[in-house]
Structures are given as C-alpha cells and as structure tokens.
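Participant: Sequence:
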Amino acid sequence: MPPVVPPAKPSAKPSAVPDAQPSAPAVREVELKLHAASADLARVASLPALLALADGPAATQRLRTAYFDTPDLKLAANGVALRVRQEGDRFVQTLKTVNSASPGDSAAVAVRREWDWIVAGEAVDRGVLTDPGVAGLVPAAALDDLDCLFITDFNRTTLLLRPDPLTAVEMAVDDGRVYAGGNSLPISEVELELKAGKVASLFELALTLQAAVPMRIGNESKAEAGLRLVTGRAPGPVEAEPLGLSPLTTVAEAYRHILRHALRQFLANEACALGGSDVEGLHRMRVALRRLRIAHRLFAPLIASPEADRLVEESRALAKRLGPARGWDVLMSDVIDPLLADRAALPGIDGAALDRLAALARSAGAGPAREAMAAILAPGCTTMLLGLGAWLEHGRWVSQAEGNRRAMLSAPVATLAGGWLSVRMAKLGKTPKPPEDAKGRDKLRRRLRSLRYTADFFRGLYPEAAVLPFFAALEPLQAALDAEQDAVTGARMLGELKGADRKTVAAVAAWIERRSDKRRKTLPELWKRFRAVPPFWS
1 MPPVVPPAKP SAKPSAVPDA QPSAPAVREV ELKLHAASAD LARVASLPAL
51 LALADGPAAT QRLRTAYFDT PDLKLAANGV ALRVRQEGDR FVQTLKTVNS
101 ASPGDSAAVA VRREWDWIVA GEAVDRGVLT DPGVAGLVPA AALDDLDCLF
151 ITDFNRTTLL LRPDPLTAVE MAVDDGRVYA GGNSLPISEV ELELKAGKVA
201 SLFELALTLQ AAVPMRIGNE SKAEAGLRLV TGRAPGPVEA EPLGLSPLTT
251 VAEAYRHILR HALRQFLANE ACALGGSDVE GLHRMRVALR RLRIAHRLFA
301 PLIASPEADR LVEESRALAK RLGPARGWDV LMSDVIDPLL ADRAALPGID
351 GAALDRLAAL ARSAGAGPAR EAMAAILAPG CTTMLLGLGA WLEHGRWVSQ
401 AEGNRRAMLS APVATLAGGW LSVRMAKLGK TPKPPEDAKG RDKLRRRLRS
451 LRYTADFFRG LYPEAAVLPF FAALEPLQAA LDAEQDAVTG ARMLGELKGA
501 DRKTVAAVAA WIERRSDKRR KTLPELWKRF RAVPPFWS
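1 is the number of the first residue of the sequence shown in UniProt numbering; add one for each residue after it.
Hints are computed from structural coordinates only; laboratory data are not their basis. Misleading hints may appear alongside valid ones.
No more than 30 Å apart at the CA atoms, straight line, and that leaves these computed lysine-lysine pairs for BS3-like [unchecked claim]:
1. Lys518 / Lys439
2. Lys320 / Lys74
3. Lys518 / Lys503
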C-alpha cells in the first residue's frame, strides 16, 4: 500500500450545515481488532481461506480522520471520542463510546455505541451534539473548547465475509499512521466487525487469520492510541472491572462471565507490561490468568470439556513463563530501590557496593523480562486466547450438554456458590494461629488466595453489608502473607546472584529479615480478626 501523509489540521469552528440533522439512533458496534506487522498486511485480504468466504471483491479507500476534544480532554474523561472522517467526497461526524458499552459482554471484543451525521467538511458540527439523544455524552462546557488534537490517515481495504448464510463480518485492513504535532504512531491492524451472526464467528475468523499471518489481539482503539500520543503517557496498569453476577445468574452464565472478565483483564494490561514502565502490568496479567484457572477448576466438572481443559492448561504454561520476571520486578521495587533511596538503612555497606548489587540484580532480571515479553508476543499466546474465546462464545458446552449436567448449567449459580466457598474455607483449617514455618505460611497463602478469588467471583450474590467485613479482614491477612512469600523469594534470589559481594548480600538479607520479623508478629492478630468474621455465604 502507498504511504499516507498527514492532512492539514482542520478547523474546529462550527461547520455551515444548512439543515441541522437530528441525532441518529445509536448503532451497536461489535468488533475484534488484531495487530499485525505492516509487511504482512498486504497479503491478508488475498488469503485463500478468506477469499473462499468473501461476498464480493475487496475495496480499498483512503480515510482521513480528525479527532476532537478539549485541551483538558473532557470528552475522553467522559468515555467518548468525537471525530470527523473524510470518506471520498463526503464527511461523516461520529460520536463513539471509547470503552465497552457493556463491560464483560465478550472477552477481547469491543462493544461500543456510535452516532453518525453527514456534515459539510472537516470542521466539527457542534449543533448535533446538543441533541437530547447524545447531549449527556458531551459536557456542555466542552462545546466551545473543542479542537482537533490528532489525525489518523490510513488506507483501508475491506472485504465482506460470510462464513455461513446467517453470518456477515466486515474485515477491514488498515495501514497508515496517527499524527499529533510532530509525532506519529503506526496503524497496522485488522478489524473484524460483526454485521450479523454470533460473536464466536469473530474468534473463528481471527483464528483463520492467525494461522496464516502472526497477529496479536488489539485492545486499544485508534482514538485511545491518538490520545496516548497527545499526552505522552505510557500505558498504565488497568484495574479489573467489577463482576456482574446476580442471584438470577445461571451457572453457565456465571462461568462465561467470569472467564470473559479474566481474559479482558489480561488483555487490558498487556500494553503496560510490554511497555515496561510499571511492574503492575505484568503482575495483573498473571493475576488474570490465575483467576481464569481457579474459576475453571470450580466449574470444570459441570463444563466437562477436554478442549477447555487443554486451553486453560496452556494458560498455566504461559503464566509460568511470566513468573520469573515478576520475581525480579518485586525484588527491585520492594528491596533494591528502597535501599538505594535510603542507603543509611545498611550501615557498614558503602554506596558503591550497593550500586554494584543493584546493577547485578537488574542484569539478572533482564533475561526473565525478555522471556516474559517473548511469551506475550508469541503467536501461541494469541492462538490460546482466541481459541478460548471461540470455545467460550460458541457455547456448545451448554447447547450440547445433556441430562443432569444441562439442568445444573441452567440452575442459578447461587445454589452452588455457598458450597464451593465452604469447601475452600474448610481447607484453611481451624488452627488458632498461622503456621510458624515458611512452607506452612505459603500453603495457607495459596489457600487464602483461592478463597479470596472464589469469594470475589460470587460476592454479587450476597448482601454487600455481609460481604464487606469479610473482605476487610481477609485482604490484609493475604497481603501480609504475600509480602512474606515475596521476602522469602527475594532473599533466595539474592543468594543465588552470581558475582555479588557476599557481605552486601548478607546485609540486604538481614534487612529483609528484619522487615519480615515485624510482619510475622502481626499475623496472629490478622488471623484472629479474619476467623472472627462470619462467612457472608453462611
């Protein structure tokens, strides 16, 4: 495809549209985005497997789009993007929700609302934004301050795919750049938009693409990429969305919702992990995979799917590849960096010795960090995520279930949640105080973690007044045990650090132990408080 160049920055003044248009009904956009290397994009639309499904020839056009917001990003803060796109000789103004309109609707699939109006040119028409149908999405205070902040300019090749008579998916191959000031970012992606049919079709088509061209699932819209370029902010860690189970949720619905939630959390933190700017990104990806495994383990006897078992086991293998990098991240952020900031905490150790230890630790962590990045970027990671998404969304595990298993999947999950929670609570035992040995504390930590995730899955089934005291007692206990295990792991890693000065290592290990000793003294009281709180499901 020929290169594209940035268009002139359009005016933000009101366009002269003779007849102001009433707001159109919102369109629900269901889309799966994939990123690919620019060199691979040219052959995507001509893949034989796709041409066999095509309804008509591919069409290519150049699209230039101006994105508007206020200097302080009021629209972005409100979760919407405003753009004017030139499509041939016409200009279309679009207001679109940036984040999913229905959180948890489907893992990896963006579900958004958008409104379109034909306008006279690249200038934004403020008049239509005051219509009652959309006025709540655009703060009135923003209307007078709208300005063009960035521009996308790319070539789009579209192909309508019909995998079966009831399904229609528009595939768009976008190759170009996003421009803001003197900076730019590449656009090199494939969008699969569901026009008719089931969401599972998007995943199945994505798997077909992935088998021919290495790709990664995209979690960032063009509007979000442009804002990142404007602000210069590195991607940060993303908090998990609250789960949305209710007493009416069936077992099958609960399982699908919890796994979608875990997959979404994994993908939402990928940019942060790959950027390397915040260690929390990688940590939250590992947490998402752990939650996925714990949830599947709960439901597996009812799901009874060897395919799901295999895919979840693949997620475990991925998590293991991410683990060592997380260990070094914790050692640096919780031990080395605090000591570098407060060198007086290690009397008798000169600054140069501590600097050398820090350099050795960074060097030792570089390899695991590269391995973690390679694991995330590997085609197998995308294939696993797409495979699990396709299996989950297709729903054969529900539609083909028979007899008692089908009845159980259709029953309210509330009929099972209490029993599952009681089993995990019983595994903690009834000891009056936590174990005093490191292995015993780690075993308790793992069981508490399983209980906490399970309780978090099902907290929406119970009154919040009963749930809050339980989590208020559980969370500090688990945090203390997690920190204790991190200390054990950190001390071991330091001891194995090749080339390190033994005196400096011993001093750092003693510092870790002093902090651990203080923390361990708090454990009996934390345990007592936790055991005193009635389980909210009883």
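Participant: Decide, hint by hint, whether the structure agrees.
Facilitator: Here's how the hints hold up against the structure:
{"no.": "1", "hint": "Lys518 / Lys439", "result": "holds (18 Å)"}
{"no.": "2", "hint": "Lys320 / Lys74", "result": "violated (41 Å)"}
{"no.": "3", "hint": "Lys518 / Lys503", "result": "holds (23 Å)"}
Hint check: a violation occurs at hint 2 only; the rest are consistent with the structure.
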